[in-house]
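Novice: Protein chains in written order, with the numbering used here: chain P, 314 to 347; chain Y, -5 to 450.
Note that these hints are calculated values from the structure, not bench results. Since the structure is predicted, the reported quantities are computational estimates derived from the model, not experimental observations. Note that beta-carbon positions come from the ideal geometry of N, C-alpha and C, so glycine has one too. Incorrect hints may appear among the rest.
[Unchecked claim] Restricting the straight-line Cα-Cα distance to at most 27 Å, the calculated cross-link-like pairs of lysine-lysine (DSSO-like) are: (1) P/341 to Y/164; (2) Y/403 to Y/35; (3) Y/131 to P/317; (4) Y/40 to P/337; (5) P/341 to Y/35; (6) Y/175 to Y/164; (7) Y/339 to P/337; (8) Y/265 to Y/339; (9) Y/339 to Y/278; (10) Y/164 to P/337; (11) Y/265 to P/337; (12) Y/175 to Y/403; (13) Y/131 to Y/237; (14) Y/339 to P/341; (15) P/341 to Y/175; (16) P/341 to Y/40; (17) Y/339 to Y/403; (18) P/337 to Y/35; (19) Y/40 to Y/164.
[Stated by the list, open to error] A few chain P residues facing chain Y, derived, Cβ under 7 Å: (20) 327; (21) 331; (22) 342.
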Amino acid sequence: MNRKLVMVVAWAWVGGPFVYGVYKLVQKVTLLFQ
Amino acid sequence: MGFLDRSRIIAPEGWSRWLVPPAALSVHLAIGQAYAWSVFKPPLEKSLGLTGAQSALPFQLGIVMLGLSAAVFGTRVERNGPRWAMFVSLCCFCSGFLLAALGATTRQYWLVVLGYGGVGGIGLGIGYISPVSTLIKWFPDRPGMATGIAIMGFGGGALIASPWSAEMLKAFGVSYDAAGKVLAVADNAIATTFLVHGLVYAVFMSLGVLLVRVPADGWRPAGWTPAASKTSALISTNQVSAKNAIRTPQFWCLWVILCFNVTAGIGILEKAAPMITDFFRDTKAPVAATTAAGFVALLSLANMLGRIGWSSLSDRMGRKNMYRFYLGTGAAMYLLIALFTNQSKLLFVVCAIVILSFYGAGFATIPAYLKDLFGTYQVGAIHGRLLTAWSTAGVLGPLIINAIADAQKAAGHTGPALYTTSLYIMIGLLAIGFAANEMVRPVDARHHEKAKEVAP
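Using the sequences provided together with the hints, build the complete structure.
Specialist: Dropping the structure here:
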């Protein structure tokens, strides 16, 4: 399989959930400034 | 072992080492779920009629098993290779969820404890050390950054699991009031959530099992030589076995450093919300529950960013200097909180952020420190043995801060007085850690392995 494609898929696999987690966390952090 | 054998995952010529961090992260982001266990506590308490202490048991057993399994199976993990280790971790961690699902549906709580904490905990230990040692071997030029990536993933796992598990519990029939208190738990809501967790994490972690590779013998990053990285007497080009490492004073100095750095951080982390509320209770601007939740989230962010940020910086500054910084500045931050108590909210928040960033950094930098002192030969196994310091700190930190706060409360004290003694104890522990770091010297040559003994 194309190695560049594997690289993109692998990073998206772990990056997607990570971005979701950080987004939810930042939402909570904003409570501090309300 | 066929597919799982180390010989099947030796990277071919031209394999990009940047494929290894996602493999490591797929395991650490999954097992990091352990730190989001608290999401399950209120529904379990409501559904099975448990106390707070009882509902914490699966998590506590999980952390103890993490330390024990990492220490006991560390050498086997090194010998069998990361694919085997990631597969075993996947099987244990996910079947732990399945057993917990069975326990929840049959209302046999002991099965939840044994499944999630016992079986799942073995998955935590094996899954924690293997990706770290693999990354160190792929990034000998930047070991601090490499270990920072993996261990940041462990922190990130809780960030993902916390909102995801809460959403799933709601979807399967757990209802909450506006203050977040559990109102009702539908039949099988918790069991279904555990089941889905087990299945989803199995698929998620399989990326690591399929993708992980070990470098071929003699592989080095382009243009890098071991001699080029030897910028300090503490960075050794020799190798030490796990068996010999625990006989060196260096190992026990690092054990003390990790244990007390974690104890100091976990003390704040565990009581963050009640602590900020108590500190500013009698001031003109008391802290509301929502603000306290935001403060806890901010500390989690600092913990995670500290793992990758400070650990990466250690590649430039040197590991010993970084621990001087973590332990010395950490103690100064605690002193500022103790002296200024509730005079400045901003000062309190900034100090807590710095302390928590050092807490995460302490975890992330220690494998690179081990690599500097003992080489890469059995660094995973040595790291596994060192994690018993974490298990100890996990008990010690909350014990100190909770026992003192309870005693002060019983004596009629309120506000910052509940925590001042704990803060000074933390300063003392960090000072001992600082002294232990100063005692770290290069490992004596009699502990080094002969070249033919480290050949695979």
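Novice: It remains to establish, for every hint, whether it holds in the given structure.
Specialist: Okay, the hints, checked on the actual structure:
Restraint check for residue 341 of chain P and residue 164 of chain Y: the C-alpha separation of about 18 Å stays at or below 27 Å, so the hint holds. Proposed proximity of residue 403 of chain Y and residue 35 of chain Y is supported: the alpha carbons are some 25 Å apart, at most 27 Å. For the given pair, residue 131 of chain Y sits about 22 Å from residue 317 of chain P by alpha-carbon distance, which is consistent with the 27 Å threshold. Between residue 40 of chain Y and residue 337 of chain P the alpha-carbon distance is near 26 Å, which keeps this suggested pair within the 27 Å criterion.
Proposed proximity of residue 341 of chain P and residue 35 of chain Y is supported: the alpha carbons are some 20 Å apart, at most 27 Å. Restraint check for residue 175 of chain Y and residue 164 of chain Y: satisfied, since their Cα atoms lie roughly 12 Å apart, inside the 27 Å limit. Pair hint residue 339 of chain Y plus residue 337 of chain P holds up; C-alpha atoms about 24 Å apart against a cutoff of 27 Å. Only pairs whose Cα atoms come within 27 Å are accepted, and residue 265 of chain Y paired with residue 339 of chain Y is accepted, the gap being roughly 17 Å.
For the suggested pair residue 339 of chain Y and residue 278 of chain Y, the alpha carbons sit about 11 Å apart, so the restraint of at most 27 Å is met. Between residue 164 of chain Y and residue 337 of chain P, the direct Cα distance comes to roughly 16 Å. Compliance with the 27 Å bound is thereby established for this hinted pair. For the hint pairing residue 265 of chain Y with residue 337 of chain P, the CA-to-CA distance comes to about 21 Å; that is within 27 Å, so the pair holds. With a C-alpha separation of about 25 Å, the suggested pairing of residue 175 of chain Y with residue 403 of chain Y holds against the 27 Å cut-off.
For the proposed pair residue 131 of chain Y and residue 237 of chain Y, the alpha carbon gap of about 20 Å is at most 27 Å, so the pair holds. Of the supplied pair hints, the one linking residue 339 of chain Y and residue 341 of chain P holds, its CA atoms being roughly 19 Å apart against a limit of 27 Å. Restraint check for residue 341 of chain P and residue 175 of chain Y: the C-alpha separation of about 18 Å stays at or below 27 Å, so the hint holds. The hinted pair formed by residue 341 of chain P and residue 40 of chain Y meets the criterion: a straight-line CA distance of about 25 Å does not exceed 27 Å.
For the suggested pair residue 339 of chain Y and residue 403 of chain Y, the alpha carbons sit about 22 Å apart, so the restraint of at most 27 Å is met. The straight-line distance between the Cα atoms of residue 337 of chain P and residue 35 of chain Y is roughly 20 Å, inside the 27 Å bound, and the hint therefore holds. As the CA atoms of residue 40 of chain Y and residue 164 of chain Y are separated by approximately 14 Å, the hinted pair is consistent with the 27 Å bound. This hint holds: residue 327 of chain P has a C-beta 4 Å from the nearest C-beta of chain Y, less than the 7 Å allowed.
Checking residue 331 of chain P against chain Y: minimum C-beta separation of about 5 Å stays under 7 Å; hint holds. The criterion of a C-beta within 7 Å of any C-beta in chain Y is met by residue 342 of chain P, whose closest approach is roughly 5 Å, and the hint holds.
The structure shown violates none of the earlier numbered hints.
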